[in-house]
Amino acid sequence: GEDVEQSLFLSVREGDSSVINCTYTDSSSTYLYWYKQEPGAGLQLLTYIFSNMDMKQDQRLTVLLNKKDKHLSLRIADTQTGDSAIYFCAESIRGNNRLAFGKGNQVVVIP
Amino acid sequence: GAVVSQHPSWVICKSGTSVKIECRSLDFQATTMFWYRQFPKQSLMLMATSNEGSKATYEQGVEKDKFLINHASLTLSTLTVTSAHPEDSSFYICSASPGTSGRGEQFFGPGTRLTVL
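First to last, the sequence lines map onto chains A and B. Each residue of the first sequence is one higher than the one before, counting from 10 in this note's numbering. Each residue of the second sequence is one higher than the one before, counting from 207 in this note's numbering.
No false leads were slipped in.
Taking beta-carbon pairs under 8 Å as the criterion, some of the chain B residues facing chain A (in silico): (1) L250; (2) R309; (3) F313; (4) G315.
The calculated label-pair distances, taken between Cβ atoms and stated as ranges, are: (5) A/M64 x B/L232: 31 to 37 Å; (6) B/S211 x A/L17: 28 to 34 Å; (7) B/L323 x A/G49: 16 to 22 Å; (8) A/A86 x B/D271: 46 to 52 Å; (9) B/K226 x A/L54: 22 to 28 Å.
Hints were generated in silico from the structure; no laboratory data involved. Values in this document were obtained by computation on a predicted structure and should not be read as measured data. Where is the CB? At the ideal position from N, CA and C, for every residue including glycine.
Starting from the given sequences, assemble the full structure and let the hints guide the process.
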């Protein structure tokens, strides 16, 4: 089965880079996602990576995938105050349209 | 694109009443919709998966007679919390999947805050 683990809290100064980590257990995952949740709101899909990729960059976001260690990370460059939110990683599995979410990582950006 | 709305955004009701929450995909057809529940400072808990025109599939421990789900069209799913009690107070979030990209991504609504007095 799928099980996704995340660390809980990160504070970062505005302008610095922030890195959020996630581990997953199901090696049959095909896509892995990063979602952002601002207070009192739903989840916003930030980016995704296919399981046969090692890295994906999208503007300030860089996703790294280490399939051997089942480790996924999200790097946010030039972190801004609007990046303060909870970030969830999630995995989907081939043939199963469900997502398994990590516990979330709260990022607080200090001006 | 890929916008999902929920209505209402918040609702306060008395214990014993029923509350209906709507989830709409505004600019795409959703073959599958999902209903989640989120407690404060916690992750999302999947309640049920619904496909248009068929019965919802409920996760273990979720009472299907308590949480009625109807997915009558490719753009609308509803969740009805029947005979609500204070322990049903929570943040309910829906998501919709177009099912056409092959990636299985889900697009989320803004959530509905339910408070049962």
